[in-house]
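Number of protein chains: 2
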Amino acid sequence: MKVTEKISQFIVNASLDEMPVGAMKTAKQAMMDCLGCTLLGAVQPIGRIISEFVIDADARPVASIVGHGKKTAPYLAALANGIMAHAEDYDDVSLGIYGHPSPPLLPAILALGEQYRVSGRRVIEAYITGFEVGSCLGRAINPAHYKRGWHGTATLGTMEAVAASAKLLELDASQTRMALGIAASEVCGIRQNFGTMTKPFHSGNAAKSGVVAAQLAQRGFTADLNIIEAPLGFGHLFQGDEPPDWGKVAHLGKTFEITTEGIAFKPYPSCAETHADIEAILDLMRKHNFPHEDVEGIECVFSDTMDSVMLHLEPKTGMEGKFSAEYCTARALLDKNVGLHDFTDERVNQYEVKKVMQKIRRRIDPGMAMLASTLNIKLKGGCQFSQHVEVPKGWPKNPLSEEELVAKYRDCSRLVLSSSDIDRSVELLKNLEELADITELMNILVKLAASRTH
Amino acid sequence: MKVTEKISQFIVNASLDEMPVGAMKTAKQAMMDCLGCTLLGAVQPIGRIISEFVIDADARPVASIVGHGKKTAPYLAALANGIMAHAEDYDDVSLGIYGHPSPPLLPAILALGEQYRVSGRRVIEAYITGFEVGSCLGRAINPAHYKRGWHGTATLGTMEAVAASAKLLELDASQTRMALGIAASEVCGIRQNFGTMTKPFHSGNAAKSGVVAAQLAQRGFTADLNIIEAPLGFGHLFQGDEPPDWGKVAHLGKTFEITTEGIAFKPYPSCAETHADIEAILDLMRKHNFPHEDVEGIECVFSDTMDSVMLHLEPKTGMEGKFSAEYCTARALLDKNVGLHDFTDERVNQYEVKKVMQKIRRRIDPGMAMLASTLNIKLKGGCQFSQHVEVPKGWPKNPLSEEELVAKYRDCSRLVLSSSDIDRSVELLKNLEELADITELMNILVKLAASRTH
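From first to last, the protein sequence lines are chains A and B.
In terms of the numbering used here, the first sequence has 126 at position 126, counting the first letter as 1, and numbering is strictly consecutive.
In terms of the numbering used here, the second sequence has 300 at position 300, counting the first letter as 1, and numbering is strictly consecutive.
Since the hints were derived computationally from the structure, they do not count as laboratory data.
You may find that some hints are simply not true.
Copies of the same chain look alike in the list, so a pair counts if it fits in one copy or across any two.
No more than 30 Å apart at the CA atoms, straight line, and that leaves these computed lysine-lysine pairs for DSS-like [as the list claims (entries may be wrong)]: (1) K354 to K287; (2) K25 to K430; (3) K359 to K147; (4) K359 to K430.
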């Protein structure tokens, strides 16, 4: 099968008019969620480091750095915004790429979209195009690709970003193939860096790489025309233990993964794999109303993949805490909630939480579904309860409501935007397909975070 | 073995005072060779595309874009200069990284070196430090890494570049480990792109990635501290069919690969794997003095690795011609020489050369040494000759003389620099260790190519 050629044709021919209505709805939700996370990331330490790094280049002001009051070159804006979007690991998730679809994708689109003053319709069209390309490639190489140690947000994210960038730049079929070829030589992102700033760096770097590849192809840069399926190409190098299943690409443009599988939005700002445990403990406490002091032991049962994602059994930093079943479960038990303020170094190293964490054990059950967890709890005096969560809140089969998504956006953006700017941006994002030019939206998002003005 | 920690300590402690004199001599030769290739690349189409792309960002003028009269951010200068250095595939080669050591390494050093106005001694020190780190990692994962399809110039080049950048920025041991961790998540470059502009993109992207990783670590960015040897880290993900041999890292700082194995400099501007065939045919014609019209058939015998590098049996572009045993051998037969002007689309598609190429066949002998070739030639009338080349000219065991290296630099740089600038830059490069500040050198190299001024 001529995979690269087929993907390029899909990108060139993709038209919002022919995409399902449900695709547009989910894409718009994902964009609002991603921008909320980006605004939140803007005021985190990593957001400050990367924006200062990018601003230091003092490049021609073309594309906005969200929450930092400055514009820069599109690929540098994509880098900074892509990192901020994933800074708190509160951003969306999809199973096609085994990772976060929007942080590599949307920043690339907005950076080029701002440069060319495109419409909301074209932003949505590019988003769905990029999402579908990343997802079908993900289906072809995952889960083996992820299990080997690659971070889909970075690797498949680069392919999403280049597909969307090629679409926005209106590259022709040959240029689009070149862009895919260049991007394939920029793909990286390794899971060993989970729990450090380099994890969010992955999505920003992917966004940047997609923009660069498309812009170079536009300028006449060349690459292998069959990079996806060629003997030493993308598929071969990034497969896991099994060869890619190119049949997954055949559906491209016929069915849309964004409607068939959807996108998950997180209610908790921690690794998606911690959510089932958080929910299970909250459910149990609601049902049985026991004080945390009475807990003797907790067993979390999940799959080996879940286990390998939650790298940190004894986290020392806020970042590591996000990838710790032990910390997230203990925090939920202690506070009956897990929120943004819980992932600081100080909170993770609190004496009280560390004591609770010592009561928690993992057990691996390879037969468990991805994301599912069974929590077995034993109380002093002998009481035992068990709670199974198959699909955590936020996943398409158990979705957040539109109101919950807007509330999350408001909560994430309040350290940067005024309440009138929040209202206006919600309005613009809800009606994005009617926006003739995204400049107004970008002019709100670029505003300097209130917490950074003094 | 604590590989990442050991490498970081080597980087932090490396001192030119304790390096072998031979290391400095070879490093200086490599730098002159690389800068000649960069000046040559500046006037090629790819050099024009990438410099215009970088200049378009209009970033704060800190680091020079060679041959283009402009300065930019260090990472953008590293990108452009790294691409130009590898544009013509005329640049140096080393077997540790199974690729080109200088194009990812030197541009990173010069970009940061110019920013901080460092001395020639510190440039040499950083060069050798980066080279040794890339080489020992290469020895640990090659040849399996390369055989799988990774391009060492890009992958190991990124690690060279980050090591040298960390050294130049005087990062401490912890920051250096972070920088290695960030860089590992930027490693890519796939051989399928050989024969296209994306091959030279690899070295520029590696140089850029190294600079970015070191600069982010300097600003407090975090990454996994044991990225090289950790279960899902660099070694695991970039190995080939065999696990890495970390024992190769044990020699770091005790012996120097740059003196034990050296660096090869190319006398022909084509893939190193084509050189044995070029030399064999030139030798045979010198010895037997036959006209090319008398040739009935030519058989080139080399290893399977050589075969897989020379991707293009029927090249259609000048770039592809560089990776074609058939074209290079036919060109040598026709012209008794292979030079810079031979790698244009027009020359590769010449009717006369295509006729000769039809007489050439490959035969694979897995037992042959890397780089070696046996050429069997049959003339009309029945005469048969054979010529074996084990080590082509330019390799440390059959080196170019200092005069030949200077002549190559002069030939490469003459489209950019005036003869007085060539003279002065040769003088500065020959005595690099005495230069208190590299600014004068960079101010020559940045000059706008004469061929671009009108």
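Within, between, both or neither: how does the pair K354, K287 come out at a Cα-Cα threshold of 30 Å? within (25 Å within a copy, 81 Å between copies)
Classify it for me, K359 with K147: is the Cα-Cα distance of at most 30 Å met within a copy, between copies, both or neither? within (29 Å within a copy, 48 Å between copies)
At most 30 Å between alpha carbons: which applies to K25 and K430, within, between, both or neither? So K25 and K430 pass the 30 Å test inside one copy only (9 Å; across, 65 Å).
Give the relationship of K359 and K430 under a CA distance limit of 30 Å: within one copy only, between copies only, both, or neither. neither (45 Å within a copy, 67 Å between copies)
In this structure, the one hint that does not hold is number 4.
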